[in-house]
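S.K.: As a plain string of letters, each chain reads:
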Amino acid sequence: MSASKKVHVTTTINGESTDFLCEPRHSLLEVLRDNLGLTGAKEGCNNGNCGACTVLLNGRPVDSCLVLGVEVEGAEIETVEGIACSSNLHPVQECFLEGAALQCGICTPGFLVASKALLDKDPNASEETIRFDLSGNLCRCTGYDKIVRAVQAAGQQMSAEA
Amino acid sequence: MAPQSVSEVVAVLSEHGDRAKLLAGGTDIIVQLREGLREADVVVDIKKIAEVTSFKYCDENGLSLGAAVACYNLYEHPQLSKLYGALADSTHIIGGWQIQSRASVGGNLCNASPAADSIPALIALNATAVIAGPSGERSVAVEEFCTGPGRNVLENGELLVSLQIPAQGANCGSAYERFIPRNEMDIAVVGVGSWVKLADDGTIAEAKIGLGAVAATPLVAEAASASLIGKEPTEETFAAAGELAKQIATPISDMRGTDEYRTHLVGVLVKRTLTTAVERAQSS
Chain C
1 MSASKKVHVT TTINGESTDF LCEPRHSLLE VLRDNLGLTG AKEGCNNGNC
51 GACTVLLNGR PVDSCLVLGV EVEGAEIETV EGIACSSNLH PVQECFLEGA
101 ALQCGICTPG FLVASKALLD KDPNASEETI RFDLSGNLCR CTGYDKIVRA
151 VQAAGQQMSA EA
Chain Z
1 MAPQSVSEVV AVLSEHGDRA KLLAGGTDII VQLREGLREA DVVVDIKKIA
51 EVTSFKYCDE NGLSLGAAVA CYNLYEHPQL SKLYGALADS THIIGGWQIQ
101 SRASVGGNLC NASPAADSIP ALIALNATAV IAGPSGERSV AVEEFCTGPG
151 RNVLENGELL VSLQIPAQGA NCGSAYERFI PRNEMDIAVV GVGSWVKLAD
201 DGTIAEAKIG LGAVAATPLV AEAASASLIG KEPTEETFAA AGELAKQIAT
251 PISDMRGTDE YRTHLVGVLV KRTLTTAVER AQSS
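Here the protein sequences come in this chain order: C and Z.
No gaps in the numbering here: position 16 of the first sequence is 16 in the numbering used here, and each next residue is one more.
No gaps in the numbering here: position 84 of the second sequence is 84 in the numbering used here, and each next residue is one more.
Extracted from the complex, chain Z is given alone in its bound form (with noise of 0.2 Å):
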């Protein structure tokens, strides 16, 4: 079914409850659905829904951005890739362009992989999720949204509406990165991304790291980011941001990497993310 409101869709998750699953860009219910990975009784389509499915950026309130709105638009926007530097580069690597023409940001915040590449992006850019339910609307953190491999604070009758990104002033750049060992189409090992704001003597006013692939969850890397604040934007502040995320990092051994492995990958990412971010508020 496909309803034309957001209270219809709360109403039909409130009766089916998690028989119930929400269909936006298809690329993860679709597989999962299929291979047997989740189960549902009814299939709703979000996408016919205009806030779920629309974006609008002001230099007051910063970004909003639908639940359903497909990762092309924010890579492709000449405006918002800019400023928005950590979320066009995590879009334009989410699968390959077949997947970026239909999987939206707010799909892969709900999916909730420990490796999603939007997640480290949105946290670093401190953005909030908002979500209805059968009791009105609520805010949460994206920081806060994942509560484990697949699982996520929604509860009976929630979903996710939108996602509110502060606006960019000058002086603020971000970015984020990967490491995977082909150039493409790959799950990450570790995902870094970072945000900075710059003062006006060049210094680091505010910053903030988030890390993926380390933890059950998506982190924000605390100590990390507060360490930058004041300093000057040098290798070596970087390389001390890395060591002390480096601290937070408790990731799984499998195929794609061992924990030393992807410990060591997040000084690394760190120091490169926070470079390109710099960079990018340099000349914004």
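Next up, chain C with everything else stripped away, as it sits in the complex (with noise of 0.2 Å):
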């Protein structure tokens, strides 16, 4: 197998069918940023630990620079350009702005689709759940209590809408 032969791949991003080459060596996250434009999921450490780059791959968020690229044939892909719905902010997406929950914003992409990710699971999420939960994602602007907040915010506009 070669390094450099570059693979076919058919996935589905944000509800649309995609197709992209990339070389086996490539993660997720460098065929999102480099091959396919979405720059939304960001590389902070590159190694699993920062969340920075978190995606949901088939519904569960994960770390795309620990993804491969070829990994995700057939695969459904969302990243944080897919959370809002045409015109309209996610409500995650309206409440950390409402709440400042966000600094530098680095971390931000990757705080937003694990935080939907888990409000979908359960908007009335407690603050443990919340904060465990988010705890593969790490802002070094330290906002954790504004981001918690955030998506509590967010849950409770989730449930009244609901």
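Among the hints, a few may not be true.
Unchecked claim - Derived, one-sided and incomplete: chain C residues facing chain Z with beta-carbon distance under 8 Å:
#1 Asn47
#2 Gly48
#3 Gly51
#4 Thr54
#5 Arg60
#6 Pro61
#7 Val62
#8 Asp63
#9 Glu71
#10 Ile83
#11 Ala114
#12 Thr129
#13 Phe132
#14 Asp133
#15 Gly136
Unchecked claim - Straight-line C-alpha distance at most 27 Å; calculated DSSO-like pairs for lysine-lysine:
#16 C:Lys121 to Z:Lys82
#17 Z:Lys47 to C:Lys121
#18 Z:Lys56 to C:Lys121
By construction, these hints were calculated from the structure, which means they are not laboratory data.
All figures in this text were calculated on a predicted structure; none of them were measured in a lab.
Note that CB positions come from ideal geometry on N, CA and C, so glycine has one too.
Work from the hints to combine the two standalone chains into their complex.
M.R.: Written out as structure tokens, the structure reads:
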């Protein structure tokens, strides 16, 4: 297997069928950012500690830096670009804005994707659950309290709408 | 490459030796390859193979857990998380949610970190590793699987196919706990898994304790486990087992803790995990 030989991969990204070519060594994060222009997912640590590259793979949050592009053949991927519904921000995005739950913003896309996944599972998640489930996302501006409050507010909005 | 059968993987591994690396959840191997800690000419994705990616429980034979089954399958499973408390505890704290979506128990074992969270739990639960290779299948007790930090018993051409974990009858309970200075997302300073089976009169009929991060490989605390047999499950009994477990700990001192501190933690965590394991056994 030559490292440079590109592989054709068909996948669904944010609801749209997408094809791409990638080398077997390339991560899903590299494919998203460099091949497909989806630069929402960020490269923070590139080793699975920081969560800035979080995307949903078949509905579950993963670090896209630890997934190979060739592994997502036939899979469904959701990135931060797919969270908003046309021109309406998702409640979690609105609440991050309203609550100023970001400073530099590098960690924000990862937090948004993971938070949406956790609120889809349980919009009434407790503070403890939110903190535990978001422990794979690091914010080096240390804005955790505002982030947790924004997620709680989004959850309330989501259960009120449901 | 992503072969469809175990025999194809054995053929690739036999041909390439240690220049071939297996990919399950990728949370260790992708980082190790990227950072130059391990090298490979061929990376073999084993997640197209049913035996490796599936799991099955039955009351007679217990749990057959494919080597590439991701962590979340265990702690999210209503029945398995109750039956195998120690495994649910450990899989829920390996990395964060993103890691648990991908990382497998089999991979955690093969990676053979002395501080791996799932290994003391597997030891306590009496798990066996089922290995396939050029000369057929063999089984190895989990406590014999790791041979040093990052090293295991797998020989050229061999792969871990599944873990077999005995059925859990009534009166069985288990727990895993680790000590870390943070709340989540850290490497165990010490980790302990305990399993007990209670007799009808409430005394301890069988017990097994696994220790992590106190030696080059995870350990079975044999004398500590044996000391529990026939005893009432009291704090004194657990404390005595903790003292015995401390005697086999030969930890290193590093930035996570001194050897003295780690040895102390063994006693504390043996007591705590036995307490939880007995509570779970009593309510099962």
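S.K.: Let me make sure I understand: some of the numbered hints might not hold for this structure. Which ones are they, in numerical order?
M.R.: Violated hints: 10, 12; rest satisfied.
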